[in-house]
Amino acid sequence: MAIVYQKSKGLTDKEMHYCPGCTHGIVHKLVAEVLEELNLLDDAIGVCPVGCSVFAYDYFSCDMQEASHGRAPAVATGIKRVHPNSPVFTYQGDGDLAAIGMAEIIHAANRGEKITTIFINNAIYGMTGGQMAPTTLIGQKATTAPLGRDKDLCGGPVHMCEMMSAIDGAVYVERVSVNNIPNLNKAKKAIKKAFELQMQNAGFAFIEVVSTCPTNWGKTPVESMKWLEENMLPVFPLGVYKDVEEVASK
Amino acid sequence: MAAKVTFAQDRCKGCELCAMVCPKNIVILDTSVTNRKGYHPAAVTDMALCIGCASCAKICPDSVITVERL
Chain A
1 MAIVYQKSKG
11 LTDKEMHYCP
21 GCTHGIVHKL
31 VAEVLEELNL
41 LDDAIGVCPV
51 GCSVFAYDYF
61 SCDMQEASHG
71 RAPAVATGIK
81 RVHPNSPVFT
91 YQGDGDLAAI
101 GMAEIIHAAN
111 RGEKITTIFI
121 NNAIYGMTGG
131 QMAPTTLIGQ
141 KATTAPLGRD
151 KDLCGGPVHM
161 CEMMSAIDGA
171 VYVERVSVNN
181 IPNLNKAKKA
191 IKKAFELQMQ
201 NAGFAFIEVV
211 STCPTNWGKT
221 PVESMKWLEE
231 NMLPVFPLGV
241 YKDVEEVASK
Chain B
1001 MAAKVTFAQD
1011 RCKGCELCAM
1021 VCPKNIVILD
1031 TSVTNRKGYH
1041 PAAVTDMALC
1051 IGCASCAKIC
1061 PDSVITVERL
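Chains A and B, in that order, give the protein sequences. Here the first sequence is numbered in our numbering, starting from 1 and rising by one per residue. Here the second sequence is numbered in our numbering, starting from 1001 and rising by one per residue.
Calculated directly from the structure, the hints in this document are not laboratory data.
DSS-like, lysine-lysine: derived pairs with alpha carbons at most 27 Å apart:
hint, chain 1, residue 1, chain 2, residue 2
1, A, Lys226, A, Lys189
2, B, Lys1024, A, Lys186
3, A, Lys219, B, Lys1024
As the structure is a computational prediction, the values presented were derived from the model and not from experiment.
Using the sequences and the hints given, assemble the complete structure.
As structure tokens, then:
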């Protein structure tokens, strides 16, 4: 019998601390599989955020560096400039990237840093206990918004891909999800393209993954995937928001 | 048997995403087993029906599933 699927060599043997059904594990392995398939595991350097994926350095088998909250793109900038031939990526959640790290991500993109950012958007702060995030939906309940997010009080959810696509230094911006197998395959393709562009020295690539947080949403993993599809995808439409290659070929 | 699915049951967290995506609906949580984490791990009811699509393995957040095909 031939092996059709087995755990990627890009992941270590360490058991992940994530809650059951957390999509972090799915996105971790997509990144790991892409690095393995592109033969980049020996050279890749990842930068971890603060949040639930703070321990991601234990899970990827490539070199990893921890950054302080929101500063992963700044740390990745330094790493990439010292190691221009190594693929460098940041892996950040919505609290890390879209709240405290908003300035860092925008300026890294604007400078056209040749790094890849994987952005996990699950519309809530996970590790700290389900507080409202910049990406929380209008009306969505959180521990700091017990009656649901009020647009008059807090504004609407931040749309990162739409913002990043307006920045000159970003060459590839796509929003994907992992809520079913077709979307999961598309997500892997997007992550692969982002790393390929980096290896061609094209510029900054940004992949947003619409994700779940079953524990803080108060739902089972399967219910969470359904909730994502019904509530998050209409607000965060999937698709390619910027592809400089495609623009150039038109 | 055209395909074989094996679960590292001691690492399974019983999230059921594998059962959600199985096109043949043959993945279940085995309630007769409780693993060391305290979860009922995933298992296949009838391996003969498995088509080896690896959907369960692809979506497994903890990468506990290995799929083989003839």
